[in-house]
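Whenever a hint applies, use it, and build me the whole structure from the sequences.
Which chain is which? The protein sequence lines are A and B, in order. 574 is the number of the first residue of the first sequence in my numbering; add one for each residue after it. 574 is the number of the first residue of the second sequence in my numbering; add one for each residue after it.
Among the hints, a few may not be true.
Any copy, or any two copies together, can satisfy a pair, since identical chains are not distinguished.
With a Cα cut of at most 27 Å, we get these calculated DSS-like pairs of lysine-lysine [what the hints assert, rightly or not]: (1) K1175 / K1037; (2) K940 / K984; (3) K614 / K909; (4) K984 / K812; (5) K1040 / K619; (6) K619 / K1175; (7) K1175 / K1150; (8) K1223 / K1138; (9) K856 / K940; (10) K1037 / K623; (11) K812 / K1138; (12) K1150 / K940; (13) K644 / K1138; (14) K984 / K856; (15) K1037 / K619; (16) K940 / K1209; (17) K1209 / K1138; (18) K1040 / K614.
Because the hints were derived from the structure by calculation, they are not lab data.
Protein chains: 2
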Amino acid sequence: MPSNTNRVGHDQPETTIVSILVPPATIESPELHDVRLPPEKTTFQKLRHKLSELFFHDDPLHGFKNQTLVKKIVFALHFMFPIFQWAPNYDLTLFRSDVVSGLTIASLAIPQGISYAKLANLPPVIGLYSSFVPPLIYAVLGSSKHLAVGPVSIASLVMGTMLNDAVSYSLQPVLYLNLAFTATFFAGLFQASLGLLRLGFVIDFLSKATLVGFMAGAAVIVSLQQLKGLLGIVNFTSKMQIIPVLSSVIEQRDQWSWHTIVMGISFLAILLTTRQIGMRRPKLFLVSAIAPLLSVILSTFLVAIFITKLPNVATIGQLDKGLNPPSSNRLYFHGKFLVVAIKTGVVTGLLSLMEGIAVGRTFAALKNYQVDGNKEMIAIGLMNMAGSCSSCYVTSGSFSRSAVNENAGGKTAMSNVIMALTVLVTLLFLMPLFRCTPNLILAVIIITAVIGLIDYQSAFRLWKVDKLDFLACLSSFFGVLFVSVPVGLAVAVGVSVFKILLHVTRPHTRVLGKIPGTEIFQDLVRYREAQRVPSFVILGIEAPIYFANSTYLQERILRWLREEKDWIAANNGSILKYVIIDMTAVTAIDTSGLAMMNELRKMLENQSLQLVLANPTGSVMEKLHQSNSLESFGSKALYLTVGEAVVGIKLII
Amino acid sequence: MPSNTNRVGHDQPETTIVSILVPPATIESPELHDVRLPPEKTTFQKLRHKLSELFFHDDPLHGFKNQTLVKKIVFALHFMFPIFQWAPNYDLTLFRSDVVSGLTIASLAIPQGISYAKLANLPPVIGLYSSFVPPLIYAVLGSSKHLAVGPVSIASLVMGTMLNDAVSYSLQPVLYLNLAFTATFFAGLFQASLGLLRLGFVIDFLSKATLVGFMAGAAVIVSLQQLKGLLGIVNFTSKMQIIPVLSSVIEQRDQWSWHTIVMGISFLAILLTTRQIGMRRPKLFLVSAIAPLLSVILSTFLVAIFITKLPNVATIGQLDKGLNPPSSNRLYFHGKFLVVAIKTGVVTGLLSLMEGIAVGRTFAALKNYQVDGNKEMIAIGLMNMAGSCSSCYVTSGSFSRSAVNENAGGKTAMSNVIMALTVLVTLLFLMPLFRCTPNLILAVIIITAVIGLIDYQSAFRLWKVDKLDFLACLSSFFGVLFVSVPVGLAVAVGVSVFKILLHVTRPHTRVLGKIPGTEIFQDLVRYREAQRVPSFVILGIEAPIYFANSTYLQERILRWLREEKDWIAANNGSILKYVIIDMTAVTAIDTSGLAMMNELRKMLENQSLQLVLANPTGSVMEKLHQSNSLESFGSKALYLTVGEAVVGIKLII
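Structure (structure tokens):
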């Protein structure tokens, strides 16, 4: 079939359609299609394409295209300040919804703010400060309609641990507080930089599986730490691993205060029950949303009334009235604690970012709108940088409060403004009321909030669906529990990356057969009706061919051949002549892979077998062309589909 | 088309063929094929399969299958001691070839052995010891027919650097030597363990691209270090980075000895010329093979004759006659230098292993026989462990000497035995002859040997074919040159792994169209004749769907849809109704990927679009089934090929 010999004209680099099949006029044969190179691009064009896929894959500026200057300016304002998108159409109906939801999340945010600040070893009022400034800034910059902004549990916990490793909050409270603000500043800077540099994809490397384990581990640690407040222990360990915490609980059992324990367990029972009610009956979510605030009020009254009879019940104590004081003068940019602050900032920044982005995406998907991850990062980062200058610590979008926000009918970021205003009123007028609020109620609120992070159902699903994902989950769980939060995270990322590498290192290979009556070639094991084609072995490789797997693939292919020959010998099949590799799933090849293919071709030739490639992808074709391998493969070794390869080769012989 | 609604019966887990298509009797329609789950396996079976693919992919024991006990024993002997494979058929013809090649490589091994020992800061005689014991052991255990065993340049260099960082070889020569033997022991232990545990694939992670850079960097460093011998400098830096080496050369210019320089440059010119001749005319390879030995003899004579006139030319000096003394009592297994010895052992073990395995594989492929990487590792490891007990340092298969071996007609490992015997004669009788051998000739031999490691042609090919591979190559080159060997290696592995991750993080997606007159669907950009199918968008994803890319893929797919809609609006196309994803190249999916697919399905439903999957691979089907996603996708959303999906959907509407 002479017309077929020049189907791939690699000697004509100036044209991308390498050559055209001229079907022979005399012989009636099925039409075969040539394998094309992708359109030619310069190195610069390729680099630009790669970079734009890496950083601008969602084409964030597509709205700018083909617009007048005025529209471009309007669009730029919309782009930078999403408030301009919704504010012009804002009306009373929306406002009514937002007021209801804003007040609801405020009732949750005030007790949680105080509690989470305690978790970070910070004065309770910092939690309220942090529920005031950042939500206002997010309302202007953020693109999520449902995110409820404020302190979050994981980031609070991590900040508390990491800073306390360097500075004792009880011995050096001022330094500790300054470091917390500094860490917050760097967290914001890191978050905003990730967004500006469009490196948002780094947070994708913390897979859901590892997060399930990480969250559960952190929740266990946090809950156990709350035994301090719940049991009324005064001298508690500041360590975060499970063993020191538990042994501290046991060792300090002479400090256990029975008043505290009875009160704590009662309120815990109440809050867990209302939480269950809220989860079971979504219509009654308001019960669980308001229960924490009611518990705070009730417990405060109880303590205030019976204060003489409850001497061992520790309370929050005097809190000063007033708005956030400025704190930009308290930021450290030098000195020996700078490294600690930066490290803490990066880790808490990353964690709070992940929570915020995940929450934003979840509700966006639920309500069918889009959130631009990188833009959200800039918004969250700027709000933290501003927060660090106004006595706030790291904030983000809280999952639980955002869910309440959505449930309560929140429609825009205005609900954050309403919440902030409620916090403002609290800060200005209601602070003295917290004087008798017992610490135990804060512990109870924290436990109720974090217990939802132990997602054993997801863990079970991971076990069922993907054992390696489950392993990643377990690693991060135990890493957090027994070593530390950063180690737990590092282990989790390591396991996830290892999983990817394992998949590339040991890819699947399949022997394919033809499904009778079709041109479909499928796995012989999976499709029992598929049949071997005499004289052919058809192999499917399911991975890019890289340095990490080229040796494996070569040996595996040779083993397939050996096994095929054994099969043929046992079944009196016809002698093997052609090895077709279905390259559809070989999405890339590197120089090691190219060397392997050439070597394999020679080895097969020594065994009087010809290697034929079917449907090489664009990038593989390009590499074959650039490395001059196309020439050594020859024109009879390249077909567009496995079916055409079989037909084409049969025509030749 | 009611017959089509139950093509995938995920509610029948006991059968792997999920359901059978019953073509409707009344309507004449093309036959559609059901998508199958892979045969069901228990978790244990899956684990066993995965482990066997990971560790025994080449089925090393396939010869044992279906054999009698006697044959099994014979096979086991053959398996463990490859010498039993070739020794029974050994004859005089083979022996004659092996004697010639053995003598030839001995003539190269003796000067190189002395030179490489100098490179590792060891007494020259250690290089000869190391060319005696290890080759004998390899001849029994090794499966390569062409590997010429002995000291190699890179491992010598690395050992010299790493040990010298801990102990000065001039101040504490005994300790230094003991550490060298200990490091050799651990190198062998590490190599043999890798082989025994079948972890040989770890060496694949040093890709060819990074090795090109690494070797070139090391060669430059080694060559520059030889300026010490070539210029006759006495007090030379012991550092390995390019800057201290060059500044040491300049600073010590008052020590430059002009006799040495003239002699050195003359011999360098001779050796480089003969090397060129050997490379240009393979028939004259003997010239380049024997030139080093002749140079040693000639230079020794020159120095011996003119010794009074050449006072500044440093010589090797007195070498003791005699065989390898035992050194097992000199191994350290405790103390503060143990860590250094282990670290040096692991790094040099890994590097020498890589060279040995690569050389073995290259010549096996050339001569069409198989080398089992893991078995080779055990052989090389055992030979180094034995070597460490008989005053040898790290050895491996040398590329240059193996090439000479093959060129000189070496047929079996017997050529290593002949070489070892020649070294034996040298050790016993010829040692005094080296007394007047000038150090400069060793420097010249080293430079000539390592200059071949600078493979600029490969580097240029990398640049042409794969820019990222070239980047990996450059990183390891500069890492070695400016920082250190381990850092260079680490950077190289890091860049290579980053490349894999980048490919997974940002996979290609394509819009496919139908090539007229066929059932082939191909990239619209690459195949201009391919046509869009009205009402459909057909997308091909070219990667497994993982946590690392699920967000990207979702956003990218939504962008494709947006662009498709723009195209339709501009071209008055028919309204979009179906999104078909060609899953052929989606070789795996994890839980994040599954969550993304479900979310995408819901988002598309909100836009009145239906998501259809074509040709999901076995493992993806399995995951979809286990996570109960098949049910939510529905039976009309799964087809065996894109073509059948289009036909099937058109039948429904």
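Hints versus structure:
1. Proximity of K1175 and K1037 under a CA criterion of 27 Å is satisfied inter-copy only: 23 Å between copies versus 44 Å inside one chain copy.
2. In the homo-oligomer, the alpha carbons of K940 and K984 lie at most 27 Å apart inside one protomer (10 Å), although the nearest pairing across protomers, at 73 Å, exceeds that limit.
3. Taking CA atoms no more than 27 Å apart as the test, K614 paired with K909 passes in neither setting, with 51 Å inside one copy and 57 Å between copies.
4. Neither within a single protomer nor between protomers do K984 and K812 lie at most 27 Å apart by alpha-carbon distance, with minima of 42 Å and 67 Å respectively.
5. When the C-alpha separation of K1040 and K619 is checked against a cutoff of 27 Å, the pair qualifies only between copies, where the shortest distance is 10 Å, while the shortest distance within a copy is 38 Å.
6. Taking the shortest alpha-carbon separations for K619 and K1175, neither the intra-copy value of 32 Å nor the inter-copy value of 34 Å comes in at or below 27 Å.
7. Proximity of K1175 and K1150 under a CA criterion of 27 Å is satisfied intra-copy only: 14 Å inside one chain copy versus 49 Å between copies.
8. Proximity of K1223 and K1138 under a CA criterion of 27 Å is satisfied intra-copy only: 20 Å inside one chain copy versus 43 Å between copies.
9. Only within a single protomer do K856 and K940 lie at most 27 Å apart by alpha-carbon distance; the minimum there is 18 Å, versus 77 Å between protomers.
10. Within a single copy, K1037 and K623 get their C-alpha atoms only as close as 37 Å, which misses the 27 Å cut-off; across copies the closest is 17 Å, which meets it.
11. In this assembly of identical chains, K812 and K1138 lie within 27 Å of each other by CA distance neither inside one copy nor across copies; the values are 64 Å within and 56 Å between.
12. In this homomeric assembly, K1150 and K940 come within 27 Å of each other (Cα to Cα) only across copies, at 21 Å, whereas the closest approach inside a single copy is 58 Å.
13. Taking the shortest alpha-carbon separations for K644 and K1138, only the inter-copy value of 22 Å comes in at or below 27 Å, while the best intra-copy value is 69 Å.
14. Proximity of K984 to K856 under the C-alpha cut-off of 27 Å is restricted to the intra-copy arrangement: shortest distance 18 Å within a copy versus 84 Å between copies.
15. In this assembly of identical chains, K1037 and K619 lie within 27 Å of each other by CA distance solely across copies; the values are 13 Å between and 41 Å within a copy.
16. In this assembly of identical chains, the alpha carbons of K940 and K1209 lie at most 27 Å apart only when taken from different copies (26 Å versus 54 Å within one copy).
17. Taking identical chains as interchangeable, the C-alpha atoms of K1209 and K1138 lie at most 27 Å apart only when both belong to the same chain, with a minimum of 23 Å there against 40 Å between chains.
18. Within a single copy, K1040 and K614 get their C-alpha atoms only as close as 42 Å, which misses the 27 Å cut-off; across copies the closest is 14 Å, which meets it.
Checked against the numbered hints given earlier, the structure breaks hints 3, 4, 6 and 11 and satisfies all the rest.
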